[in-house]
Amino acid sequence: MLQVLISGLSLSAYYALLALGFAMIYSTLRIFNIAHAAVFGAAAYSFYILYRIFGFNIWGSLVVGVAIAAIFGLLVDIFIYRVLAARGGGTFSIFIASLGVASLFEAMALLFTHGTPLVAHTGSLLPITIGAVSFRPLDILVISSVAILYGVLFYAIMHTRTGLEIRALADNHTMAGVVGIDTNRTRTAIFAIASSLAGLAGILTVYDSGIVPTTGLNLLFVTIVAVIFGGTRYLFMGALGGSIVMGLVTAFAGFFFPQWVTVIVFLLLILLLIWRPQGFFA
Amino acid sequence: MDYFFFILSVICVWTILSLATNLVIGYGGLMTLGHVGFLAIGAYTAATLNILWHVNFYYTIPIAIIVTAVVAFASILPLLRLDAFYFGLSTLGLNIVITDVLQNVGPRVPGAEGLFGLDLPALMTSSIWRLAIIAALTALTVYLSWQLVRSPFGRSLRAMRDQPDAIESVGKSAKRYRVTIWTISGGLAGLAGALYCTTLSYIDPTVFSFLFSFNLLVYIGFGGLASILGSILGPTLLIVFGEALRFGGLPSQVSGPVQQSLFALLLIFVMVFRRQGLVGKYDFRE
Amino acid sequence: MISANKLEYRDLYKHFDGLMVFHHVSFGVPAGQITALIGPNGAGKSTLINMTCGVFPQDGGQIFKDGRELRRLSAAGALDLSLARTFQNVRVFSTLSVLENVLVAFPDQPGDEPWRIFGRAWKGVEERNREQAMRFLERLGLANDAGRRADEIPFGSQKLLALARATATGADTLLLDETTTGLEMSRVPLVLDFLRALRAEGRTILLVEHNMDVVTDVADSVVVLHGTVIAQGTPQQVLHDEQVIREYLGRIYSA
Numbered sequence: 142m143l144q145v146l147i148s149g150l151s152l153s154a155y156y157a158l159l160a161l162g163f164a165m166i167y168s169t170l171r172i173f174n175i176a177h178a179a180v181f182g183a184a185a186y187s188f189y190i191l192y193r194i195f196g197f198n199i200w201g202s203l204v205v206g207v208a209i210a211a212i213f214g215l216l217v218d219i220f221i222y223r224v225l226a227a228r229g230g231g232t233f234s235i236f237i238a239s240l241g242v243a244s245l246f247e248a249m250a251l252l253f254t255h256g257t258p259l260v261a262h263t264g265s266l267l268p269i270t271i272g273a274v275s276f277r278p279l280d281i282l283v284i285s286s287v288a289i290l291y292g293v294l295f296y297a298i299m300h301t302r303t304g305l306e307i308r309a310l311a312d313n314h315t316m317a318g319v320v321g322i323d324t325n326r327t328r329t330a331i332f333a334i335a336s337s338l339a340g341l342a343g344i345l346t347v348y349d350s351g352i353v354p355t356t357g358l359n360l361l362f363v364t365i366v367a368v369i370f371g372g373t374r375y376l377f378m379g380a381l382g383g384s385i386v387m388g389l390v391t392a393f394a395g396f397f398f399p400q401w402v403t404v405i406v407f408l409l410l411i412l413l414l415i416w417r418p419q420g421f422f423a
Numbered sequence: 106m107d108y109f110f111f112i113l114s115v116i117c118v119w120t121i122l123s124l125a126t127n128l129v130i131g132y133g134g135l136m137t138l139g140h141v142g143f144l145a146i147g148a149y150t151a152a153t154l155n156i157l158w159h160v161n162f163y164y165t166i167p168i169a170i171i172v173t174a175v176v177a178f179a180s181i182l183p184l185l186r187l188d189a190f191y192f193g194l195s196t197l198g199l200n201i202v203i204t205d206v207l208q209n210v211g212p213r214v215p216g217a218e219g220l221f222g223l224d225l226p227a228l229m230t231s232s233i234w235r236l237a238i239i240a241a242l243t244a245l246t247v248y249l250s251w252q253l254v255r256s257p258f259g260r261s262l263r264a265m266r267d268q269p270d271a272i273e274s275v276g277k278s279a280k281r282y283r284v285t286i287w288t289i290s291g292g293l294a295g296l297a298g299a300l301y302c303t304t305l306s307y308i309d310p311t312v313f314s315f316l317f318s319f320n321l322l323v324y325i326g327f328g329g330l331a332s333i334l335g336s337i338l339g340p341t342l343l344i345v346f347g348e349a350l351r352f353g354g355l356p357s358q359v360s361g362p363v364q365q366s367l368f369a370l371l372l373i374f375v376m377v378f379r380r381q382g383l384v385g386k387y388d389f390r391e
Numbered sequence: 060m061i062s063a064n065k066l067e068y069r070d071l072y073k074h075f076d077g078l079m080v081f082h083h084v085s086f087g088v089p090a091g092q093i094t095a096l097i098g099p100n101g102a103g104k105s106t107l108i109n110m111t112c113g114v115f116p117q118d119g120g121q122i123f124k125d126g127r128e129l130r131r132l133s134a135a136g137a138l139d140l141s142l143a144r145t146f147q148n149v150r151v152f153s154t155l156s157v158l159e160n161v162l163v164a165f166p167d168q169p170g171d172e173p174w175r176i177f178g179r180a181w182k183g184v185e186e187r188n189r190e191q192a193m194r195f196l197e198r199l200g201l202a203n204d205a206g207r208r209a210d211e212i213p214f215g216s217q218k219l220l221a222l223a224r225a226t227a228t229g230a231d232t233l234l235l236d237e238t239t240t241g242l243e244m245s246r247v248p249l250v251l252d253f254l255r256a257l258r259a260e261g262r263t264i265l266l267v268e269h270n271m272d273v274v275t276d277v278a279d280s281v282v283v284l285h286g287t288v289i290a291q292g293t294p295q296q297v298l299h300d301e302q303v304i305r306e307y308l309g310r311i312y313s314a
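Top to bottom, those sequences are chains X, H and G.
Residues in the first sequence are numbered from 142 upward in steps of one, following the working numbering.
Residues in the second sequence are numbered from 106 upward in steps of one, following the working numbering.
Residues in the third sequence are numbered from 60 upward in steps of one, following the working numbering.
There could be a bad hint or two in this list.
Sample of chain H residues with no beta-carbon within 10 Å of chain G, all distances over it, derived [what the hints assert, rightly or not]:
1) ASN161
2) PHE178
3) GLY219
4) ILE238
Across the chosen pairs, the derived CB separations fall in these ranges [to be verified]:
5) ARG228/X <-> SER245/G: 34 to 42 Å
6) LEU371/H <-> GLY256/X: 17 to 25 Å
7) PHE346/H <-> ILE199/X: 40 to 48 Å
8) GLN295/G <-> ARG379/H: 55 to 63 Å
9) ARG228/X <-> THR311/H: 31 to 39 Å
10) LEU249/G <-> ALA349/H: 56 to 64 Å
11) ARG228/X <-> VAL345/H: 22 to 30 Å
The calculated lysine to any residue pairs, modelled on SDA-like cross-linking and capped at a C-alpha distance of 25 Å, are [as the list claims (entries may be wrong)]:
12) LYS386/H <-> ASN148/G
13) LYS280/H <-> SER156/G
14) LYS182/G <-> SER156/G
15) LYS280/H <-> ASP188/H
16) LYS280/H <-> ASP167/G
17) LYS280/H <-> GLY231/X
18) LYS386/H <-> GLY219/H
19) LYS280/H <-> ASN148/G
20) LYS280/H <-> ILE304/G
21) LYS182/G <-> TYR248/H
22) LYS182/G <-> PRO166/G
23) LYS280/H <-> LEU184/H
Derived by calculation from the structure, the hints in this document are not laboratory data.
Idealized CB from N, CA, C, for every residue including glycine.
Modelling step: build the complete structure from the supplied sequences, incorporating the hints.
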């Protein structure tokens with residue numbers, strides 16, 4: 142039981158990385174960015190290629206992978222979402238376009254990998270056992286990195302000019318434009334940060350348990366439930382709280398009812414949307 | 106030749122489903138992303154009745170229509186209060202829940218993962234007559250849909266789609282129109298599902314995955330919203346294109362992802378540059 | 060007093076999130092007459108219409124129609140009580156043609172039930188409705204635009220279309236929100252004739268207006284709303300009322 146709890150918390154960390162970025166984009170720009178899954182995957186596959194195929198240094202590959210994620214996410218915004226919006230499209234059209242991007246990425250990944258799972262770590266990640274629970278140093282690393290990142294980003298959002306602009310956008314998009322905030326520049330920052338977080342999640346996943354083309358989407362759907370659960374009123378707390386809840390839910394469901402995890406997640410989504418779309422931290 | 110009839114049958118089935126979905130998105134203004142779930146219910150109803158309970162296949166068709174319509178009716182009532190985004194997301198969730206439940210506890214031939222061994226009436230075992238029946242039902246669906254959208258009901262429906270507040274001011278309930286068109290659409294999707302069984306040798310839930318819903322979205326987006334013609338052109342052109350790809354010399358492992366990539370690109374293109382698709386008369390809502 | 064009032068407002072009170080819109084609003088809208096409701100922007104004139112038509116409830120006070128209190132009315136139910144309205148921001152059905160916009164509003168449309176589409180009955184009624192709709196459009200000068208998409212005609216025309224749409228419902232009471240705002244001066248007489256004809260038919264009209272010439276020309280009585288009812292009476296009386304001039308008009312209009 143305690144073991145499930147630990148693995149749940151470890152899962153939460155991954156969701157937390159995805160959730161913060163996704164929630165950031167949604168709350169400021171009203172974009173439901175399914176392409177976030179593609180950003181996740183892009184970083185993951187890039188890292189694999191750099192680290193395992195070209196044999197580059199692990200930290201270098203990490204940095205490059207995250208950079209690739211940031212750039213990819215930004216490119217999708219600049220060349221698809223912004224153009225779409227400039228041509229009169231609304232939030233729903235952007236949503237469908239983002240579905241298209243995610244699907245395109247999945248198809249291309251399928252094309253090149255034939256669906257084979259790719260795992261980046263070499264050797265084994267030995268668990269440490271204390272009493273009834275085992276955990277791995279990697280899990281500790283992931284959880285602490287997420288905690289640190291959340292802390293750093295929270296500080297940045299609260300105390301920098303860009304952070305202020307982001308918060309203003311989240312409160313009121315049109316007003317922010319009126320008071321002279323360059324929404325495009327802020328938007329760039331938002332996508333860069335969010336995509337980097339997603340990229341990091343992707344790299345950690347491919348390193349630890351490996352990925353297949355659909356991994357990003359699967360994780361993203363759980364993340365979406367987490368974001369809705371947490372609500373967008375308090376960005377950090379909501380994303381974190383929702384992620385912890387969903388991490389525990391998926392861990393417990395995965396342990397007791399493994400074939401029903403997807404059903405449980407999506408039923409939760411539907412019930413949340415019907416009964417409490419504003420989330421639980423509002 | 107048999108293969109040719111098979112492809113035409115598939116096109117007919119997708120035309121019915123595209124019509125059903127276009128009715129709710131293009132005319133009803135309801136953003137559904139999971140209508141393939143209703144296809145699954147129709148297919149499973151017909152297949153279960155026929156394979157496991159030995160019901161004559163002709164009778165399974167109206168039963169599938171009714172069962173799916175009832176499920177549709179029940180499913181939309183709690184979702185009516187949701188705005189476009191969350192509504193779409195919920196239908197997606199519903200689709201995945203349906204297919205997953207079918208996967209875990211769905212009816213199946215004992216010992217297998219799905220259903221097979223459809224017992225078709227004598228006439229339908231011949232591929233040309235099978236196509237003829239499917240095509241006739243498709244033509245009927247097209248005619249029904251066309252009459253529906255041209256009628257005062259269709260007019261009120263479009264008005265409701267444009268301005269739900271103003272339609273109330275002329276005494277009509279937006280909710281009533283949404284529920285009605287959704288139920289009708291569910292019935293049609295059930296019909297498509299029952300007919301779809303006849304084109305499959307093996308019916309299992311993986312057939313009705315999210316990829317299918319995505320393809321449906323591409324067919325409709327490309328063909329055009331709020332257009333009967335678009336609902337026919339979209340699936341016809343794209344299914345033919347998909348088959349051409351398969352014969353274009355690509356190895357089978359590759360043609361699937363290639364098709365998916367091209368369709369995804371097409372969807373993105375339509376969204377950015379031409380949201381009304383080929384012949385659509387409405388745009389994807391804001 | 061047995062009221063010959065079609066609509067009666069008693070001691071109405073409305074606030075939004077603690078901001079008071081109006082209080083102690085009481086007045087009657089006499090049957091078969093045109094009553095103008097005037098006042099500064101934000102005084103709550105549209106809010107009053109919304110409340111009467113069931114869009115949201117009042118926070119205090121009562122609304123009566125034909126002597127019966129309106130309780131928990133829904134927006135779609137307003138027409139059952141023979142109440143029709145127009146919107147300040149028009150809200151025409153954008154992708155429908157001008158003619159279709161009016162046709163949607165007719166109360167008798169057998170073709171509106173999906174299962175009756177395949178009978179013959181609805182076509183006769185539809186034809187009659189179409190003729191009536193064209194008559195409305197002609198009187199409002201929109202006949203030439205009948206086939207055009209409603210979002211492709213100018214704003215002023217859309218206002219007239221909204222008027223035709225509300226009239227087509229056959230409701231005995233019409234709540235019209237700023238019908239002449241944004242309308243070219245040359246077309247205002249069409250509206251005035253139309254309103255006078257409606258009155259002659261016995262319909263009751265509550266007219267929210269900013270154009271004082273319209274008010275003096277066609278209104279039987281005027282109610283001035285600014286925080287509360289600050290004046291009511293004939294146009295002559297109201298337009299010379301000092302408080303009204305001070306708080307709203309700015310000058311004397313000849314009645």
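Checked hints:
1. At roughly 27 Å, the least C-beta separation between ASN161/H and chain G is larger than 10 Å, which holds for a residue marked as non-interface.
2. The beta carbon of PHE178/H is kept farther than 10 Å from every beta carbon of chain G, the shortest such distance being approximately 14 Å.
3. Its beta-carbon lying about 35 Å from the closest one in chain G, GLY219/H satisfies the requirement of being farther than 10 Å from that chain.
4. Residue placement check: ILE238/H keeps its beta carbon more than 10 Å from all beta carbons of chain G (closest about 22 Å).
5. In this structure the hint that ARG228/X and SER245/G lie 34 to 42 Å apart at CB holds, the actual value being about 37 Å.
6. For LEU371/H paired with GLY256/X, a C-beta distance near 23 Å keeps the hint of 17 to 25 Å intact.
7. Between PHE346/H and ILE199/X, the C-beta spacing of about 44 Å keeps the proposed range 40 to 48 Å intact.
8. Between GLN295/G and ARG379/H the beta carbons are some 60 Å apart, a value that agrees with the proposed interval 55 to 63 Å.
9. In this structure the supplied range 31 to 39 Å holds for ARG228/X paired with THR311/H, their Cβ-Cβ distance being about 37 Å.
10. Separated by about 59 Å at the C-beta atoms, LEU249/G and ALA349/H satisfy the suggested range of 56 to 64 Å.
11. Distance hint for ARG228/X and VAL345/H: a CB-CB separation of about 29 Å, consistent with the stated range 22 to 30 Å.
12. Our distance criterion of 25 Å between C-alpha atoms is met by LYS386/H and ASN148/G, whose separation comes to about 24 Å.
13. Note on LYS280/H and SER156/G: the hinted pairing holds, with a Cα-Cα distance of about 23 Å set against a maximum of 25 Å.
14. Straight-line distance between C-alpha atoms of LYS182/G and SER156/G comes to about 19 Å, which keeps the hinted pair within the 25 Å bound.
15. For the suggested pair LYS280/H and ASP188/H, the alpha carbons sit about 13 Å apart, so the restraint of at most 25 Å is met.
16. Between LYS280/H and ASP167/G, the direct Cα distance comes to roughly 19 Å. Compliance with the 25 Å bound is thereby established for this hinted pair.
17. As the CA atoms of LYS280/H and GLY231/X are separated by approximately 24 Å, the hinted pair is consistent with the 25 Å bound.
18. Annotation: proposed proximity of LYS386/H to GLY219/H is violated, straight-line Cα distance about 40 Å (limit 25 Å).
19. Taken as a hint, the LYS280/H and ASN148/G pair is honoured in the structure, with Cα atoms around 23 Å apart against an allowance of 25 Å.
20. The straight-line distance between the Cα atoms of LYS280/H and ILE304/G is roughly 46 Å, outside the 25 Å bound, and the hint therefore fails.
21. Straight-line distance between C-alpha atoms of LYS182/G and TYR248/H comes to about 18 Å, which keeps the hinted pair within the 25 Å bound.
22. In summary, the hint linking LYS182/G to PRO166/G is supported, as the alpha carbons are separated by about 15 Å, within the 25 Å threshold.
23. In summary, the hint linking LYS280/H to LEU184/H is supported, as the alpha carbons are separated by about 11 Å, within the 25 Å threshold.
Comparing the model with each numbered hint stated earlier shows that hints 18, 20 do not hold.
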